[in-house]
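Position chain B against the provided structure of chain A, taking the given hints into account.
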Amino acid sequence: MIQTLRTAASLALAALALGASPARAADTGPIVLGVPTALGTIEGQDSLRAAKLAVEEINAAGGVEVGGVKRKLEIASIDTREAEAGVPVLDALAAMEKLIDEKKPAAIVVGSFRSEVLIPAMDVIAKYKIPYLCTIGMAPGFEPKIAGDYAKYKYNFRLGLSAPYLVGNIAKTMGFIHQKLGWDKMYFVHQDVAWATGTAGGVAKLSAAAGWKVLGNDAYPTGSRDFSSSLTKAKAAGAQVIVPIFDMPESGVLVKQARSMKVPALIAGFISPAAPATSWATFNGEIGGLVNFLFEPGSIPLKTPRSEHFYQAYGKAYGEETLRKMSGHGPGPSYDSVYVLAAAIRRANSLAPDAVVAQLEKTDMDGAIGHITFNKNHQVPFGDDPKKEAVTLAFQWRDGKRVVVYPESVAQSHIEAPR
Amino acid sequence: MGGLLASTLVYGLVNSVVLLLTSLGFSLTFGLSGVANFAHGGLYLLSGFLCWLLMHRVGLPFPLAAAATVLLVGLLGAAIYRTVLMSVRGIVLSEVISTFAVGVAIVEFFRWKGFTTYDFTLPALVDGSVDILGVTVDWQRLLIVALGLALTGLLWLFTHRTMVGLALRGMSQDEYTALSVGIESDWAATLSLGLGSALAAVAGIALLPLGIISINIGYDVLLIALAVTVLGGLESTTGLILGSLIVGFAMVITGNYVGPRWSEVVYLAAIVIVLAVKPSGLLGKSKELEDRV
Numbered sequence: 001m002i003q004t005l006r007t008a009a010s011l012a013l014a015a016l017a018l019g020a021s022p023a024r025a026a027d028t029g030p031i032v033l034g035v036p037t038a039l040g041t042i043e044g045q046d047s048l049r050a051a052k053l054a055v056e057e058i059n060a061a062g063g064v065e066v067g068g069v070k071r072k073l074e075i076a077s078i079d080t081r082e083a084e085a086g087v088p089v090l091d092a093l094a095a096m097e098k099l100i101d102e103k104k105p106a107a108i109v110v111g112s113f114r115s116e117v118l119i120p121a122m123d124v125i126a127k128y129k130i131p132y133l134c135t136i137g138m139a140p141g142f143e144p145k146i147a148g149d150y151a152k153y154k155y156n157f158r159l160g161l162s163a164p165y166l167v168g169n170i171a172k173t174m175g176f177i178h179q180k181l182g183w184d185k186m187y188f189v190h191q192d193v194a195w196a197t198g199t200a201g202g203v204a205k206l207s208a209a210a211g212w213k214v215l216g217n218d219a220y221p222t223g224s225r226d227f228s229s230s231l232t233k234a235k236a237a238g239a240q241v242i243v244p245i246f247d248m249p250e251s252g253v254l255v256k257q258a259r260s261m262k263v264p265a266l267i268a269g270f271i272s273p274a275a276p277a278t279s280w281a282t283f284n285g286e287i288g289g290l291v292n293f294l295f296e297p298g299s300i301p302l303k304t305p306r307s308e309h310f311y312q313a314y315g316k317a318y319g320e321e322t323l324r325k326m327s328g329h330g331p332g333p334s335y336d337s338v339y340v341l342a343a344a345i346r347r348a349n350s351l352a353p354d355a356v357v358a359q360l361e362k363t364d365m366d367g368a369i370g371h372i373t374f375n376k377n378h379q380v381p382f383g384d385d386p387k388k389e390a391v392t393l394a395f396q397w398r399d400g401k402r403v404v405v406y407p408e409s410v411a412q413s414h415i416e417a418p419r
Numbered sequence: 001m002g003g004l005l006a007s008t009l010v011y012g013l014v015n016s017v018v019l020l021l022t023s024l025g026f027s028l029t030f031g032l033s034g035v036a037n038f039a040h041g042g043l044y045l046l047s048g049f050l051c052w053l054l055m056h057r058v059g060l061p062f063p064l065a066a067a068a069t070v071l072l073v074g075l076l077g078a079a080i081y082r083t084v085l086m087s088v089r090g091i092v093l094s095e096v097i098s099t100f101a102v103g104v105a106i107v108e109f110f111r112w113k114g115f116t117t118y119d120f121t122l123p124a125l126v127d128g129s130v131d132i133l134g135v136t137v138d139w140q141r142l143l144i145v146a147l148g149l150a151l152t153g154l155l156w157l158f159t160h161r162t163m164v165g166l167a168l169r170g171m172s173q174d175e176y177t178a179l180s181v182g183i184e185s186d187w188a189a190t191l192s193l194g195l196g197s198a199l200a201a202v203a204g205i206a207l208l209p210l211g212i213i214s215i216n217i218g219y220d221v222l223l224i225a226l227a228v229t230v231l232g233g234l235e236s237t238t239g240l241i242l243g244s245l246i247v248g249f250a251m252v253i254t255g256n257y258v259g260p261r262w263s264e265v266v267y268l269a270a271i272v273i274v275l276a277v278k279p280s281g282l283l284g285k286s287k288e289l290e291d292r293v
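Sequence lines, in order, name chains A and B.
Quick note: the first sequence, position 297, residue 297 per the numbering used here, numbers continuous.
Quick note: the second sequence, position 265, residue 265 per the numbering used here, numbers continuous.
The shape of chain A in the complex, shown without the other chains (with noise of 0.2 Å):
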């Protein structure tokens, strides 16, 4: 009997140390970190490059602790294609839902590419009640979802610019130069994708409060090519600034067709091919004068320590070629998403979403895009002093070079008119 009982505790504690055993590996093996995007994207490939940079330098300096644990960090990414003609919003849910099943991430950073995809995926994390950090997405709705069922959406937090924020930063600038150069004519030509069209119908609408006048807001199917439509209606309507308001790759044909139908208006928006370092190059120069915005620092550093750490790690990193081609919007808030959420983790002392959620909401540090701190909807805010805020850069296109117009604490320049 004795024998008996002995044997039966005796494979009791094996059971347990067996079971014991993945638990402890669990606890000790690398935190994993989801990155679902559009990889096909200069973006979303830009911030995958950015997250594993922030990812190696943190795991070179020993990991993030966890209950007295150091433990490394790792990515794990799906190509969602959500950025392709054609491709489902329910696809790219999908690859983001397979992501999860397979690789049991502690969180995601860089997230949803377009806002279309961004609002249904925040259902799905909270479903599966982990921390999302996204930093492409723009989507208006973000905040508006959260403050309207916070307990259900709490495990969602933007790094990324937002739409409401780039209207006010663009609308500011279209101020400016209503101020200093007097002109009060402007055309809109955008993308016909949701957070496009929200940005300029937003500034169209706050620059005719302004003292602006409106001539037209023409949408693009994504993949067009030809812009002679409003260029022609632009130049007729005597339009002094052009708003174009683009992140799809054919989008730069619009300043050279601008340039060779000779309209002489300022090009002033957002052109997303019209804003690495080489696209002086790719379009032989014809850009120039071409006020374009970077959504995020990054691609253009901030003159603070953080910034140009991230600016120089990553031309070493990935090289000089790589580092000119960066992309304006995704990289700077994803290399910042990885630190960010590093340090909630590290004061939460566990990867518990909940505990890791309240620290989220403490962040207050400094990044590659300014200060960083989350709103009450857990929306990084931009400001204009990368001190207190998250920043926004316009520059200008200036015999090859990027000049940085706006915002002022951080200008090197003003705008200027057409040559």
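Since the hints were made in silico from the structure, they are not lab data.
If you want a taste of the chain A side facing chain B, the calculated C-beta under 8 Å gives, among others:
hint, residue
1, Thr41
2, Glu84
3, Ala85
4, Asp192
5, Ala219
6, Ser224
7, Arg225
8, Ser228
9, Ala236
10, Gly252
11, Val253
12, Met261
13, Pro273
14, Pro276
15, Phe283
16, Lys325
Using N, Cα and C, we set each Cβ at its ideal position, and we do this for glycine too.
Structure of chain B alone, referenced to chain A:
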């Protein structure tokens, strides 16, 4: 004159010839061999990237890179027939599926290899612009108009006035009769695929300097080629010109007077309407002949 009307006339014509040039290779291949080459868009995209690679990685000057691209893409088209299509020749659905698969493979290959950045542009053959009816148009677009019209004329002469062209047309009209007079079917189809692919490369090299080489253009070009040729009639050169003019002007008129967001709906609507009302296209005869038989 200036203004929106003049712009509609000038850019309507330019857009029509852009569509004509884009579709010429697709139409020629079908007209000469009966093969609907659904790899057309992929070959167009390939020509852009290949020319760029020859210039920036091999160091060839643009004219040489362009000539080499046309030659290589033409040879690839011929090779596609010999390796992919020959075994399914005559089975229309299999031909469509095979060529579509080749096109998708080309497009997705470039996506996989990271050709998604903003670096890929080809230089314009001519710089500067000129005023026509008070509308400023760049010389590159005018060159495209001249090239499109010249190529259409030359191809008509080739298919109607040369022995090779007549042999190819004979093969497309009645394969068995053509075989009985010594025209070899596979040779004819290989040549027509090669010529059509080379024309896709010419179109790419002429049109891509207007913008940037982006992956999705591979799919867009196929849709445009389908719309224009289906509208005009798959085997008719005159139909191709008519289809290009109708779709080209309709897109510009829609963009100018309704809104640019609707202009690209036009060519998709053209496919649906024509297939429903006159499946053989405006000047095509194939469906009517089939009905009569």
